[in-house]
Each structure stands twice: as structure tokens, then as C-alpha cells.
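Single-letter residue listing:
Protein chains: 2
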Amino acid sequence: MNYSSSPIGIFDSGLGGLTVFKAVKDLLPCEKLIYFGDTARVPYGTKSRNAVISFSKEISGYLLLKKVKMLIVACNTATSLALPEIRRMSQVPVCGVIEPGVKAAIAATPYGGKILVIGTKATISSHAYAKALAKANKNIEVMEQSCPLFVPLVEEGWTDKAVTEEAALEYLAPYRSKKINTLILGCTHYPLIEKVVRRVMGNEVHIVNSAMAAAYASRQILQENNLLAKSFRKGPDRFIVSDAPEHFSKMADMLLGLKPDKVTIKRF
Amino acid sequence: MNYSSSPIGIFDSGLGGLTVFKAVKDLLPCEKLIYFGDTARVPYGTKSRNAVISFSKEISGYLLLKKVKMLIVACNTATSLALPEIRRMSQVPVCGVIEPGVKAAIAATPYGGKILVIGTKATISSHAYAKALAKANKNIEVMEQSCPLFVPLVEEGWTDKAVTEEAALEYLAPYRSKKINTLILGCTHYPLIEKVVRRVMGNEVHIVNSAMAAAYASRQILQENNLLAKSFRKGPDRFIVSDAPEHFSKMADMLLGLKPDKVTIKRF
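Residue numbers (this note's numbering), protein chains in the order written: chain S, 912 to 1179; chain C, 912 to 1179.
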């Protein structure tokens, strides 16, 4: 049996993974996608390792039952804490967001230099980026900064307000004098406030968007496994959340211009 | 059997209810308290009615099994959405935070006037305060404003930062010209940023702290039911959370100077 016509499963703690959804959709318009947002338990970034692993396994199991041909873990927190566990339980390829982000950052910093990773508390304290960057290039100095308020700011729709800039200054001002070469947006919510981060950090920093990087990596994995859709798959993509589908719909439109046909609910 | 020596059960979505815990402790030092914080699913304020009811019933059932003599729902969101359901399942008195807050606000506005209620999205869209205030005094004009960022700001420990003031301005500036008489802090997290709210709203507004009001109401309920502890109960209070006990401990100390002996974990 050929699975190339099966859908791709994408999940996140909430809305942030929609930046990955959109990047995948733009890059691979023939593919059918199933998106799951764990809106009943969002955010993940302030929760413990055990909680994030348990939530991620539950959702992965649910998507695997829907016969997806690949899983995209569109959440940096879930990737940094639960990727090995998800890979262990999955018969299909699993793509996280960290390896692709690291590759893109290394490519953007070819002569070595300073890379700043920003993300949730859980992602930063896992040091998943720092370890992978150190392994990839010894001439790189890595700095890490957690920015816990960024996710609630995005979920509030405050993507370009004075308060968002104030929060960005609070977290990032200490790095402005450090001659950072590359900054990794190590959370799938952060591309939505890239403009603010850019204003605070200046024009000389190269900003890596891990959502875009994950979309390219997913395409490569599908190619290598001969799983790319052979033709356009009709019908709408599916959106499933664990709570508050109306709010999800509204925010998907407001933040990304996505207009889900229907958002269904699945409680755990 | 006399239950007066049994503990009091208090729960919240996370840390905010500790303001109620502290107020009860200060007012009733002889009582033994069991505090539950649902840190695996915090925040509640952005979740749906069904989700909040289901979480609240689960936790109430758990505390009732521990033979508490009274339940204090130290969360405005859970009170506004789930109080009737909790009362239905409980054999012991249940005290929410809204009725006490309303009584205190009415007492503070004896000649009628304008009352502004601030709270989470869920609390505000339930209109629980507005309905109760309208019923209590017809000469009161009620305004309601949700402030979703305040909970994450408090959970981040940013109780007195420029970014917090900027967020407060974003939410509250439109009310500064409206001659508000009384403002209800309709979320148990908000007493921790009362100073910032005060700065934005000026010195003439009467601010009602629903945590304090709930503590007084709890004492009255215990008195009326002959359930007040007859003597000092030795041994530490108990703290139980559904995730990340160390973080809870740290924040309890940082925000309120509480130093829990031990924080245990209970997952649902």
C-alpha cells in the first residue's frame, strides 16, 4: 500500500503551531493536513517534562490512529522534551522543529559567531538547542533566553503593541550590546512577533524562523520516504482542538488569515 | 461527630488562590488548610465553560475525599462557571469568591455609582459579577473588562514592572475618565498587582480585593455551621499541585512569602 495520499498530522499546545501549518501549506499545497491544538492544556512551556511527555504521547497516539503518513511536532517545548518518546511510539516519520531550526541557524552563521536562542522556559531549560548547536559547529557561542510572556501576548492577539515591545525589551535588551549574529525564534508562536523582536534587536541580526525551517525539513523527509502526495487532495484540512473551537477559529483568522472550515473538539 | 477539627480545602487553577490561602490563614490561624493548584492545566480563564466545570468537579471530588469541612473555590473563573455544580456534589459548605466580592463592593459604594469589574476572559464573559451586582443594588452601573495578560504576568513574577504597567494601561486607560467609584479585582491573581492597578486608576477609586472578602465570608460560614476549629491544629498545611511542585514552591515564596514545607503532586 502507498501512503502518499494519507494526511500529515501536525500538533502544538495551541495556536503557535499554525505558523508551521501555514508554512507547510504554502510549501506543499497538494498535501492534506490534520492540525491538533491542545487548547485545554495550553501553554506547555511552563509545565514539567513529565506533563509535556504525557500530553505529547496522548496526542501523537490520537493522530496515528487517524493514519497520518508523518507527524510534525509543531511545538518547540514538545520537541525538546518528548521527541524521542514520540519517535519510539510512531511507525511513521516524525519531524520536530529543533533540528531544522539548528540547521538553518548554522547555515546562517557560516563563519561561526554568536547565536541567541529564545523560547519558553521548558525549551530553554532543556538546552536542546544549545546542545544541538554545539554539536553542529564548535565555533559557535550559544546564549539562551526564555521569554514566557511571549506566548500569552500572541494568544491575546497583541502582536504589535507597546506592551509587547516592553516585554521584548525586558527579555532582550541585555543582548543588544553582545553582537549577536543569529537569533533563533525557538517557539512556534514567536514568528508572529518577529517584527517586534527585529525592532528590539536591530537589522543586523539574522533571524531564524523555526516554522519555515520545519516546513522545509518536512518536505525533505517526505521526499526521502517517497511519501509526497502525487496529486492535489481535495477537501478541507482538518482542525481539532481539546477546548474552545470558536476562539481557535477566530484567532487562526486574526493572526494568520486562516479560515478553518470547521474546528472539531476532542477532549482527553 | 464534630467536623470542626477537619481541614479546609482550597483550590485554584494555579498560584492565584494563594492570595485567598494567605488571607484565610491570617484571619483563621487555628485552621488547617489543604491547598490544591491545578498547575498542569493553568490558566482556566481562557478555557471553555465545559472544561472549567469538568476540572473543578474533579478537584472538588478529590478534596472531598480528604474529608474537608468546607471547600473554598479560590478562583473567580471556577466560581463564575462551576459553583452550582460544585455545590450540588458537596456535602460540606462551599464558599466561592464572587458573592463575597460583590458584598464588599456594594458596601464600598453605599450611595450607588460606577463599579468596574476586571477578571479573566471566562469570568467576564460569564457576567457573574454584573448579574450579582445588578441584583444587589439598582443604583449601580457596572462595567466589565477582561485582562487576560495579568495572570501570565503574575505567574512570571512581574508584579511591578514597566511591562505590567503598560498592559494595565492597555486594559484600563479607557476607564480613567469614567469616574469609577469602585473597582473589583475579580481574579485571585490580581491582588498581587494591586499597586500597578492603583497607579493606573488613581487614588480615588475604592479597590475591592476578592481574596480578603472570601476569607471573611469563609469565617462567617464556618461560624454559622459551628465548624470553626476549637483549638490550634498542629502540623503544616498541605499543598498539592497537578504539575511542577518546585516552581510552585518558589513562586509561593517569591510572591507571598509562603514557605510550603512540602508540595506533593497529584495528576488527573
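These aren't lab readings, by the way, just hints derived from the structure by calculation. Think of the CB as a built atom: it goes at the ideal place given N, C-alpha and C, for glycine as much as any other residue. Among the clues, some could well be false.
25 Å max Cα-Cα, derived BS3-like pairs, lysine-lysine [what the hints assert, rightly or not]:
hint, chain 1, residue 1, chain 2, residue 2
1, C, Lys1173, S, Lys1032
2, C, Lys1177, S, Lys1170
3, C, Lys1032, S, Lys1177
4, S, Lys1106, S, Lys1072
5, S, Lys1072, C, Lys1032
6, C, Lys968, S, Lys1177
7, S, Lys1032, C, Lys968
8, C, Lys1161, S, Lys1032
9, S, Lys978, S, Lys1106
10, C, Lys1106, S, Lys1072
11, S, Lys1177, C, Lys1177
12, S, Lys1173, C, Lys1173
13, S, Lys978, C, Lys1106
14, C, Lys1072, S, Lys1089
Some chain C residues near chain S, calculated using beta-carbon distances under 7 Å [what the hints assert, rightly or not]:
hint, residue
15, Ala951
16, Arg952
17, Lys958
18, Gly972
19, Ala1045
20, Gln1056
21, Leu1060
22, Ala1078
23, Glu1081
24, Pro1085
25, Asp1154
26, Ala1155
Hints broken by the structure, by number, lowest first?
2, 7, 9, 12, 13, 18, 19, 20, 24
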